[in-house]
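Chemist: Start from the sequences and build out the full structure, keeping to the hints where you can.
Same order as they appear, the protein sequences are chains A and B. Under my numbering, residues 862 to 1178 are what the first sequence spells out, in order. Under my numbering, residues 862 to 1178 are what the second sequence spells out, in order.
Treat the hints with care, as some may be off.
[Stated by the list, open to error] The calculated label-pair distances, taken between Cβ atoms and stated as ranges, are:
1) A/Ala-867 / B/Ser-886: 53 to 59 Å
2) A/Asp-864 / B/Ala-1081: 43 to 49 Å
3) B/Ala-1151 / A/Arg-1071: 47 to 53 Å
For the record, the hints were derived by calculation from the structure and aren't laboratory data. For each residue, glycine too, the CB sits at the ideal point set by N, CA and C.
2 protein chains.
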Amino acid sequence: VTDDVAALVAAAANGSRVALARLLSAIEAGGDPQRAVARLTYRTTPAYAIGVTGAPGAGKSTLTDQLLGVALSRADVDDVSQVAVLCVDPSSPLSGGAILGDRIRMQGHATDERVFIRSMATRGHLGGLSMAVPDALMALSAAGFPLVVIETVGVGQMEVEIASAADTTVVVTNPGWGDSTQAAKAGLLEVADLFVINKADRPGVRETRRDLEQMLDLGAPRPWRPRIVETVATVGDGVDGLWQVVEEHRVYLNESGELARRRRTRATAELSRALALAAASRATDVTGAAGFEQLVDAVLGGTTDPYSAATSLLASS
Amino acid sequence: VTDDVAALVAAAANGSRVALARLLSAIEAGGDPQRAVARLTYRTTPAYAIGVTGAPGAGKSTLTDQLLGVALSRADVDDVSQVAVLCVDPSSPLSGGAILGDRIRMQGHATDERVFIRSMATRGHLGGLSMAVPDALMALSAAGFPLVVIETVGVGQMEVEIASAADTTVVVTNPGWGDSTQAAKAGLLEVADLFVINKADRPGVRETRRDLEQMLDLGAPRPWRPRIVETVATVGDGVDGLWQVVEEHRVYLNESGELARRRRTRATAELSRALALAAASRATDVTGAAGFEQLVDAVLGGTTDPYSAATSLLASS
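Modeler: Set out below in structure tokens:
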């Protein structure tokens, strides 16, 4: 398996989209295939990751599509020769490769060779998206993508966790009070580096901005105060400005040392999760191991209890 | 702590309800206190456990109350000198000691010295009710209760799991189709040894019975075909008959060897859960241990990946 994975990583780094897709499928599959890919791809410097999140219907895919256009048009200046988009839907058990809706909404770049779009879902394996997303980010990094957009559907705890895999987190809202309140509830206010009020040609923009500013005023002061940008993604209005603020944030992250701090926090969380996974898989192994049935007998016979038996099983394995 | 727990177990075995209540609080608290109690109480032969489950409002508490009356009135014949009731609400984060509603509904025995009633909830600790209920059963066994009724609110996966801690599982339905369909969906059909159509003075009893019989016909044939008993718990109608079928099932369990098989399955499940808990707590310990930060650095530096780092941390700890 490792030889195969090494060949796939090499091919992906050489530009093979088929090889890259197979690496991402291995990550989605979980278990040994996922670990085999990680062993090779974590050697790379991570790509710069922009998280785009917000309620369904806020216009995230259209905005992402427009953002790709701006990023690629400035390829010379910002060194963005190609861009990958990971579409993540934590609520959907459906998997992968292509969610038609996303491709349609990103039709501006569906046939662009410099753009790689991939939907990810869990297939219900242990650890799920909390490890699959960072692992996919590393696989895309190893494949030579300098920029990855992680687009997440929905606003909930899971989205906040996925957003934490990004360097710059963009929270998309719409004119109207509901969205921003929802964002605050879900903890997105804490992780947002940048708010977009999309569909800004509709009424209520001023109120939404005021609402967001007030919520930011109420929160703890931060060295980088999240910016609020207005866009009309369907016609591309404000997208240049959005890209500019994203770049400003990137410069801030680099110069302040915050990028290194964030990536350290990320690596710590990933190692903790990998530990939990390894421990759980160890417990499963022991369940099938010699000595287990005898200890069941001992519990039944009243000579031990499940906790003491578990401790001795783990110690002796 | 162990000395204190030993004193409490001894006092509980001597009839102290205060000591017993404190043991159950230790179990609810989880972690070390729960394990310390288990170490002493798993030496006992388990009490005979009747699970009573069904949708909210089906009349479980009233039925349990009546059942206690019948059981205690036959103390000489069936050797039931005292009975404990565990009220479990998996959906409620509220804890313990006394849920007023249960006590009120069981007012027939709220002041009866031979009856011990206790509500249990998780407090959100790892493992939760899946271990707390079997552990509480063993604590009540150690305190000398020959019979424990485990009453569960609601019909869902969690209820099925809790029901699996009982020797005889009674599923309470009401006249009308909805309940039995719900029971089938939740998997209660598979775990039920006995169906009660409570509130049998209302219309629809025949249809509900037919519905249940049909569902049982559709299922795999079982050596013990679940019985269907009609009751009107509020006035005590049919409760004697219910107790009789419970006793028949108990005799069947003993004579067929099914009781030993079920308790083995239970012990296996408990040991597996204890293993998962021990493994998870080991992972948490390692997160704070020496070497963890260096491995975070190694992941960041690209010399290892989270999975390999986790494996080496667990191996070296």
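Chemist: Each of the hints needs a verdict: does it hold here or not?
Modeler: Taking the hints in turn, this is what the structure says about them:
1. A/Ala-867 / B/Ser-886: 53 to 59 Å: holds (56 Å)
2. A/Asp-864 / B/Ala-1081: 43 to 49 Å: Because 46 Å falls inside the window, the suggested range holds.
3. B/Ala-1151 / A/Arg-1071: 47 to 53 Å: holds (50 Å)
When held up to the earlier numbered hints, the structure conflicts with none and fits them all.
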